[in-house]
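Colleague: Protein chains in written order, with my numbering: chain A, 1 to 404; chain B, 405 to 544.
Note that these hints are calculated values from the structure, not bench results.
Treat the hints with care, as some may be off.
[To be verified] The calculated lysine to aspartate or glutamate pairs, modelled on EDC-like cross-linking and capped at a C-alpha distance of 20 Å, are:
1. 484/B with 302/A
2. 442/B with 203/A
3. 523/B with 27/A
4. 480/B with 302/A
5. 501/B with 127/A
Predicted model only: the values in this text are computed from it and were never measured.
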Amino acid sequence: MTSLAKKSLALATACCLASGIASAAVEVTTNGFLTAGAAMIDEPDATTDTFVNDRVGFEYDSRMGLRFTARVNPQLEFTSQLLSRARVEGWDVKADWAFAEYKLNKNVSVRAGRVRLPLQLASEYVEVGHAYPWVRPPTEVYRMVAVNAISGVSVPLKANIGNMDLVVQPMAGTLELTTKTSGLDISLTEENIAAASIDLSNDILRLHAAYLTAKVNGSASVPIPICDPTIPYPGLGSCPPGLGVITGDLDVTLLDASDYNAWDVGMTVNWNNILLMTEYVHVYSGPALDDQFGWYATLGYEMGNFLPYVTYAERRSDKVVDDPSTVLNEPFLLSGLSRSQNTVAVGLRYNVSNTSTIKLEILNGAAQDDTCGLIDSAGAGTCSGDFPVNGSYNMYSVAYDVTF
Amino acid sequence: MKRFHRLTTAVLLTAALSAQAGVVVVAAANSSAPALNKDTAARLFLGKDTNFPNGSAATPVDQAEDSPTRSEFAKKVLAKNDNQVRAYWSQQIFSGKGSPPPTAADDTAVKNWLADNPKGVGYISSSAVDSSVKVLLRID
Chain A
1 MTSLAKKSLA
11 LATACCLASG
21 IASAAVEVTT
31 NGFLTAGAAM
41 IDEPDATTDT
51 FVNDRVGFEY
61 DSRMGLRFTA
71 RVNPQLEFTS
81 QLLSRARVEG
91 WDVKADWAFA
101 EYKLNKNVSV
111 RAGRVRLPLQ
121 LASEYVEVGH
131 AYPWVRPPTE
141 VYRMVAVNAI
151 SGVSVPLKAN
161 IGNMDLVVQP
171 MAGTLELTTK
181 TSGLDISLTE
191 ENIAAASIDL
201 SNDILRLHAA
211 YLTAKVNGSA
221 SVPIPICDPT
231 IPYPGLGSCP
241 PGLGVITGDL
251 DVTLLDASDY
261 NAWDVGMTVN
271 WNNILLMTEY
281 VHVYSGPALD
291 DQFGWYATLG
301 YEMGNFLPYV
311 TYAERRSDKV
321 VDDPSTVLNE
331 PFLLSGLSRS
341 QNTVAVGLRY
351 NVSNTSTIKL
361 EILNGAAQDD
371 TCGLIDSAGA
381 GTCSGDFPVN
391 GSYNMYSVAY
401 DVTF
Chain B
405 MKRFHRLTTA
415 VLLTAALSAQ
425 AGVVVVAAAN
435 SSAPALNKDT
445 AARLFLGKDT
455 NFPNGSAATP
465 VDQAEDSPTR
475 SEFAKKVLAK
485 NDNQVRAYWS
495 QQIFSGKGSP
505 PPTAADDTAV
515 KNWLADNPKG
525 VGYISSSAVD
535 SSVKVLLRID
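When you get a sec, could you build the whole thing from the sequences and use the hints?
Modeller: And the structure:
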């Protein structure tokens, strides 16, 4: 398929593998994707949870990925995907996923390594803009679960039921990640992750459901003023009042083996020229954090190479932390994570060629429930910039997606 | 003038016949591949199955993206338009679930490819059928 510019070459190479293969002809396939995206909001000095502010910037949505698959034989292959994201400070590169897959038969395989976690409809290709209609998947749902891959094992099982394809994928593993929320760098370790997804699909319909449970440890590095006793102040002693103060970091435990559970149901209908996608996700995290849920519905209609669409989305907290100080002496940190927002987005996808698309999107977000919505919060009742609690904003986005 | 009319009529008839020629799913003439129906053919070309219904291995070959035969095949057999096929393969590739078949430029290239690949299965315009191929499915 030229649209995806499949580059395949057969390499006669010596492989020393644990399976005892001394040498084999390894078929290596390379594919890639790139999104150059720009976005801005109309709220001065405010910043969204996806780092979009009132300046047009390419660092919010731009990314590039390369996927390599090395097929050792019909049963065994290795797959890796490198992902590079634009950031204000430059591009970062990480191994998005990398795993070995052994096919036991045509219906059962085992994957081990850093494997994709298919918790949501588009989780497995969430970085590939060419694969979905939006500029970015609705953040009301897709930012809530910031986990797309785990270190562990998955066992995809396939079956046919009538004219439907069934894929059940149980998996288990661990995860370490850092995330930035409300200006804080938060480190999370998820242990004892157990998850399963079920997909039932045919040419028109796809039904999806998934569940994940884990124990989460979390800590944040909080900047605080501290005294530096190494700075000499002759005649005044060390650390005199008002002098000798520098900014240090205090490691604060946010979560200690806290329960983390998430479930998701979704549906895609692709019937003639009509595209309908809808999805609901619910995350509940024990006593330490607010429970959150979100959903969206997207309706689009294909007209030749044009796909206009409209999306409605909501995100809510359905439990307020009663006494955050029981889990943290800085309660503002947690209450600042509550996000409730209603969003309406209209967009247009245009297929420029077989391998590239241009997308335009205008989004209106309205914060709800005395929160900042998806505008970053500096604590309860304080939003970034001059954005008011329960305020609304517009976001304008454009993206160019390519696969190769 | 009569000659011009006859020529015009012939051109129009040829164009009309070509447009209605249909698509056939084919294998090499000496292939043991069995007859297919639309569903089994679609599953092979979407990477959902890797074997013919009789259990023998199947290696599909697609046509180039600018091929009108490809669009007709996608619409009539895969039940998708060109954009939906592209989105499908983007999802399959980057979720690690599968890769699209290799492509051949046109009907002739498909027949040449099948001649070199005894497990191969492709599709061509029905007007391109000759003794080098075995028809597995005919779609008008």
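Colleague: When you check the alpha-carbon spacing of residue 523/B and residue 27/A, does it fall within 20 Å?
Modeller: holds (18 Å)
Colleague: For residue 442/B and residue 203/A, compute the direct alpha-carbon distance and say whether it is at most 20 Å.
Modeller: holds (12 Å)
Colleague: For residue 484/B and residue 302/A, compute the direct alpha-carbon distance and say whether it is at most 20 Å.
Modeller: holds (12 Å)
Colleague: For residue 501/B and residue 127/A, compute the direct alpha-carbon distance and say whether it is at most 20 Å.
Modeller: holds (16 Å)
Colleague: Check whether the Cα positions of residue 480/B and residue 302/A lie no farther apart than 20 Å.
Modeller: Given that 20 Å is the threshold and the Cα spacing comes to 18 Å, the pair holds.
In summary, this structure violates none of the numbered hints.
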